[in-house]
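One line per chain: the protein sequences are A and B, in this order.
Going left to right, the first sequence walks through residues 1 to 253 as this note's numbering numbers them.
Going left to right, the second sequence walks through residues 1001 to 1090 as this note's numbering numbers them.
Just so you know, these hints were derived from the structure itself, not from any lab.
One should not assume that every hint holds.
[Said to hold, decoys possible] Capping the alpha-carbon separation at 30 angstroms, the derived lysine-lysine pairs in DSBU-like fashion look like this:
| # | chain 1 | residue 1 | chain 2 | residue 2 |
| --- | --- | --- | --- | --- |
| 1 | B | K1064 | A | K119 |
| 2 | A | K149 | B | K1089 |
| 3 | A | K149 | A | K86 |
| 4 | B | K1084 | B | K1060 |
| 5 | B | K1069 | A | K60 |
| 6 | B | K1075 | A | K207 |
| 7 | A | K86 | A | K169 |
| 8 | B | K1075 | A | K53 |
| 9 | A | K60 | B | K1064 |
| 10 | B | K1061 | A | K119 |
[To be verified] Output of the computed footprint for chain B on chain A, the stretches with three or more beta carbons under 8 angstroms from beta carbons of chain B:
| # | stretch |
| --- | --- |
| 11 | 84-95 |
| 12 | 149-157 |
| 13 | 183-197 |
For glycine and all other residues, C-beta sits at the position ideal for the given N, C-alpha and C.
One-letter residues, chain by chain:
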Amino acid sequence: MKKRSGLYTALTTVPSKQIQLLERRLFLKHSLSLGALVLLTGCDVTDVDAVQKTLWAMSKWNDRVQGWLFNPNKLAPVYPESAITKPFPFNAFYDEDEIPMVDPERYRLALGGLIRDKKPWSLAQLHALPQVSQITRHVCVEGWSAIGKWTGVPFRHFLERVGADLTAKYVGFKCLDDYYTSIDMATALHPQTQLTLMYADRTLPAKYGFPMKLRIPTKLGFKNPKHIAEIYVTNVYPGGYWEDMGYNWFSGL
Amino acid sequence: MKKFFIAGFILVLACSATSAADKGALVPSAAGDADTDMQIKKESRQPMNMDEPMPTGMAKKGMKKGDVKAHALKKEAAMDEMMKQEEIKK
């Protein structure tokens, strides 16, 4: 019940212009789905494998188109403090009393793949990096959205600092709750993509991803991993949990 | 006499602080609020019930919380080998 009231608050704070934009986007997406269905008419729909393969191919094609259309300099809308959604909703594949416990003293962020300096980072070292704040909208694929204030290290700065290969295609994330996902390098280098350490000017609460999450205001919510344990850079397509279950990988807004 | 009482008071305070620190109540933390948040949650916190259905609207019928870990392990095994090869080539 508590969750529902949070979502209701979140939905009522969506401006009508934003809803119109979402509706237009939904219309375009539905048009693409219709296109996919038209293509499927050439398949034997009783052949589940063939249908799955066609849908995967369509989703991959969708990823490529979104990659081409992505403008690395276009900023996501920002909002005043008065627009912040209270309470900001909790959402995960588990319940709130199952959020992973993290000891801040023992926590170390691991680095892997095409990164020059792979030494692990303590939380204190991460907090010592220059930080910026943003008030942006988190949009969930489930159909709700909420605005929050996030503070952390610009991800581009962090990647440059550790000597990541910025020409690689993907940045992957492994999380302490076993969740995993990945993003394209262009999004990783976007000025608003942030290694978030704080929420509403306070240490990031456990329910929003303590000790650290990645905030990407240009992508859907499930592309914002929480409780990050490891970051790696690669040219091997890493996918992600929801992406491997059929959700679109790029999932741009 | 007054000095004796003040010294005694400081001694009692110091002992209380040491005792509290031993119990973890006064341990300074970089995490601050998150620590408090976690301590409050600690009592109600329970291990993830892997066989329960996922509570999120993203889940399809039949998906369980434990599926994420199972897929993560498979993915890690598959990615590790390919990424080793990739680093060697570099």
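Now the hints, each set against the structure:
1. Taking the CA atoms of K1064 of chain B and K119 of chain A, the gap is near 35 angstroms; set against the 30 angstroms cutoff, the hint is violated.
2. Our distance criterion of 30 angstroms between C-alpha atoms is broken by K149 of chain A and K1089 of chain B, whose separation comes to about 42 angstroms.
3. Of the pairs offered as hints, the one joining K149 of chain A and K86 of chain A holds, with about 11 angstroms between alpha carbons and a cut-off of 30 angstroms not exceeded.
4. Proximity of K1084 of chain B to K1060 of chain B is assessed by CA-CA distance (about 34 angstroms); at most 30 angstroms being required, the pair is judged violated.
5. Restraint check for K1069 of chain B and K60 of chain A: the C-alpha separation of about 25 angstroms stays at or below 30 angstroms, so the hint holds.
6. The hinted pair formed by K1075 of chain B and K207 of chain A meets the criterion: a straight-line CA distance of about 25 angstroms does not exceed 30 angstroms.
7. The hinted pair formed by K86 of chain A and K169 of chain A fails the criterion: a straight-line CA distance of about 37 angstroms is larger than 30 angstroms.
8. Restraint check for K1075 of chain B and K53 of chain A: the C-alpha separation of about 20 angstroms stays at or below 30 angstroms, so the hint holds.
9. Only pairs whose Cα atoms come within 30 angstroms are accepted, and K60 of chain A paired with K1064 of chain B is accepted, the gap being roughly 26 angstroms.
10. Between K1061 of chain B and K119 of chain A, the direct Cα distance comes to roughly 41 angstroms. Violation of the 30 angstroms bound is thereby established for this hinted pair.
11. Note: the stretch 84-95 of chain A has 5 residues with beta-carbon separation from chain B under 8 angstroms; the three-residue rule is met and the coverage holds.
12. For a cut-off of 8 angstroms, the count of residues in the stretch 149-157 of chain A with a CB near a CB of chain B stands at 0, and the three-residue condition is violated.
13. Beta-carbon proximity to chain B at under 8 angstroms applies to 0 residues in the stretch 183-197 of chain A; the threshold of 3 is not reached and the given coverage is violated.
Of the numbered hints stated above, those contradicted by the structure are hints 1, 2, 4, 7, 10, 12, 13, listed in ascending order.
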